[in-house]
Amino acid sequence: MKRPGSRDETVETRQIPEDDFVAERTKLLGSSLSECEFNFNQSVEIQNELPQSKKSVYLVQSRESVQRPLLLASVMDSDFQAHLSSISALASQGAEFICSQVANAHRTHDPDIASGGSRDGFESVKGSNVLSFSVAEIGQIVAQAPTPSQVRLDVGDGRKLAEFALATGFTSVLGGSPLGILDLPVSLAVDSVHNWQYVERLVGAYEARNVDVLRAFKTVSESPIVPPSVAISQLVLNSLFAAEQGARHLLLIVASNLHLCQDVATVRVVKRLAGEYAERYGFNTEIYSGFQIWNGPYPSNESDVSAILVLGAITAALSGSHVVDVPTNGQIGPLSTLTSRDIIHMTKASLVIESMQKYPDSSALHLEESLIEAESRCLLDSLLNAGEGSLPSALESAVKSENLSIPVPGLVPSSKYAVPIRDNTGAVRFFNTASLPFSQEIKDFNKECVAKRVESGSWNYEYEAVLWDTSAGQFLTKSISELAFN
Amino acid sequence: MLTMGVCEPASRALWPHEFQYLQRHNFVSSDESKFGSNGGTVKNDQSRPTVKNEQWSIDRFLRVRNDEVLTQADTDLKDVESGVEAHLKLKPHQHADVTMRVGREMGITVVQPRHGDTLIAIQIAAMQSLEEAGADILSTVTDPYTRQLEFANAAKALEESERVGRSMVSGYPVVAMGVERTKEIVASVSKPCSVRMASKDSRLAKEIYLAAGYTYMFMGPVQNLAYEKWATPEALIQNYQYDDRLIAYYGELGAPVVKEFPATLTGTLVPPCIAVASSLLDAMLAVTQGVKHIVVNYGMLGNLVQDVAAMRVLRTLANEKLTQLGDDLEIYLAVPQWMGDFPHDDPQAYAVILNGAFNAAMGEADEVITKSLDEAFGVPSKQSNAAGVRTTRQMLGLLKGQRLEDSPELEEEIDDIRLSVNAILDAVVRLGEGDVAVGTAAAIRGGIIDVPFSPNLCNASRAMPIRDLNGAVRWLDPGDVPVPDSVRLRHKHLVGRRLKTRPEKSPLNLVTEDITGFSKGLSVDRSTPREHAAR
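Protein chains in written order, with the numbering used here: chain H, 1 to 486; chain D, 487 to 1021.
Chain H extracted, bound-state conformation:
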């Protein structure tokens, strides 16, 4: 196996051999519920019999011509009946792509807590206890949804869940990979490398039988703002890891930083770089871009929340994203009066207004793209080199180094982690690049941005600006007289 050197050089890759995969699969499913004794051909048949309207890849591809992102909404109910009802409700309200979220408890391998989530008629856990559902029940989710169904797998071991979901007609798998659980203990993420290789191999097995599966990844971070190069590096590494095992249709979803030009640039760069690196490895992939509306803390006032949601929808539309991931009412905070219906109606109306429009090509956009691209290449090349040609090793090394972890600034007082900060215009830069392998030029640029920001504000100390940025969106409603005359 060669190391990935120059951009023109391709490298040999290693897919789990068919026999090994089948053996592991038999072992995995054999130890599971008896209901899982379906054969793979039958699962492929179920997928092939789905109508076009339920096929994720088909729908996402149609966005190319429609020029409006597909509206992706999530269902998090742990009770099965409530889960089904929410799917119907979201679809009738305008959601075009629905994701079933897995219960938090499953993420830490605690199925007992997950299955107890809906016990006694109330939901004590957030997310579906889908592993506790029977295969037949999981199949009902697909039957209920008039849209394509996606399952989110940010767990340590997503093998069974991926098997069940794909066998019952889910056409998209979101999350997972060791980099998808960076917010969990490092050891758990490291141990999960092989499990995720299996999931990607499973997706590859469907693809090999001409079943299109949309493998989707999101940026994962504890911090509400993430420097674009870190997000892109996570997503490109994940996409390579998946593509190596045969995944072909890759949806890479970047999270909003609430900066229009930078967010548009990030969406464009992630698509370009993922394609370029896949080509370097010789992978046959189709890359789609997604945009997640603000993933940080939301204010409680409905009008304030609405502005954040609409800005996200507008950015998604103007960036040419294939998919926009809208938050649920649960995600925007318990105090919000906005319902899921409100959120979907609002974001969809924004998407319709902006449809067919795109952010114009400008030198400012190109400059931002080149900055993001330069930083991303530094990170990616360094991480890939650390894997010495092996993508799983590169991933493991990335997890262990914690280079792609961005904790909430202020909570982890360690110089080990990179710390993000907004510049004068609100774009996200590095306050501290920690041990990230950036060139001196990139480090100097970020330092300049910080200096300008600190100069322009009335901060008592530099780090105050960093802390302020973590609560972005919460204190913006002051009038001129409050600011100027008080």
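A few chain D residues facing chain H, derived, Cβ under 7 Å:
{"#": "1", "residue": "PRO833"}
{"#": "2", "residue": "ALA837"}
{"#": "3", "residue": "PHE844"}
{"#": "4", "residue": "ALA873"}
{"#": "5", "residue": "THR877"}
{"#": "6", "residue": "MET881"}
{"#": "7", "residue": "GLU891"}
{"#": "8", "residue": "LEU896"}
{"#": "9", "residue": "LEU1008"}
Calculated cross-link-like contacts (lysine-lysine; reagent style PhoX-like; alpha-carbon spacing at most 25 Å):
{"#": "10", "chain 1": "D", "residue 1": "LYS642", "chain 2": "D", "residue 2": "LYS564"}
{"#": "11", "chain 1": "H", "residue 1": "LYS416", "chain 2": "H", "residue 2": "LYS443"}
{"#": "12", "chain 1": "H", "residue 1": "LYS452", "chain 2": "D", "residue 2": "LYS886"}
{"#": "13", "chain 1": "D", "residue 1": "LYS669", "chain 2": "D", "residue 2": "LYS575"}
{"#": "14", "chain 1": "H", "residue 1": "LYS447", "chain 2": "D", "residue 2": "LYS886"}
{"#": "15", "chain 1": "H", "residue 1": "LYS358", "chain 2": "D", "residue 2": "LYS986"}
Don't read these hints as lab results, they were simulated from the structure.
Beta carbons: idealized from backbone N, C-alpha and C, even for Gly.
Based on the hints, put chain D in the right spot on chain H.
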């Protein structure tokens, strides 16, 4: 005595009710039936006052004030100097010129909502609520009776409202209220107070608002084409010359007043060149009268690049044209959020409001005029109005420091609008032989300035707009608007692409779809698969 005249029809047949109105007022005779079976011709042009773009002398101003304005109704108005005194007693943050200047210096967009209520207590409560929501300037919308100079009816409506304890008409009856009561509004809030009213003759109302301490005025003659069916352009120009001379007089006496020149017109698919030219012409007429604090205005259409381009052209041309006419000007740019049809659904209304706030931020507007969640229903509640302010403020805050950068696409759109506006302004100057007032009136009558869907009988109504595939507003037919050939061809091409994708619909069907696009079309894609394929 009113100098207001009634307009003769431009070139179309009259509807029966129009004909009856003109006949009642002795402007037509039934035997002159040139305009079809139901109509008649205008007898003469007696209603057309002579206008000239020159500054009124104080003598002329005071003569008109005493003979024509103060005699319109019994009020507690005193001389102009008393009004100026009220202004001098205001705190700095109650002066609109200070707010506009501070906003610009701090890089913060001024937010101004609208609200008009008949009862003063409710009006004050609403303004206080808007102030709390983050508004920088608090407006008062005038009631329709006062706007139509039906002061007796306004007084009656006020009396009835007070009797039942709720507003029986929408808007504040300023003439019936008078100066002293209106001062209570100014005293109840800590922000500058502004007037928003469209009227063929707002002279008396403006006198009262100014005397009460309002420091932000609104409206110009061309904009009134969207509201006034019968008024002639000449009469509108003359009345607004008075308004502007009054504002300038306050300034000369040490009480600066800001004047905004809206150009939302009918609020329905008004192509940017008409809106920009309209605001500029109204502002040019005002600068001649001595107005120093100018807010030009562009009503947003929803397409990011087109809206930002129009804002850039308006700002550039305002600085270029207005500074040739007056010294020491402060020129600002205001953008009202979408003025057309609104969705009934609150979340969708938020989307429309925020699209306006977003485009305003990207175009670096100095001021945003906000909408409420209740636009589809009528007069907004104070809560829904406050929500419009707050959500706008939040969007502006999120985008602080950001702008739409230069790009070839933006440049192309700027060229399109600038060339068309310059062609209109050149035609105005040519028609008026150098006099903008004469030229403006002639341009309206001649269809050079043609406001789509205007009810005004002097408006040619020959031009027809339509959206292109990207949602930008283009000319389906520019009528007699002097659109340069290059722009005409571009629009023809862009509109043609859309028409080709919908052969089953007539162009006018598509225009109708566009008119109701924001109220009915936000839950479905605007374009069809064929339209997508055409891209």
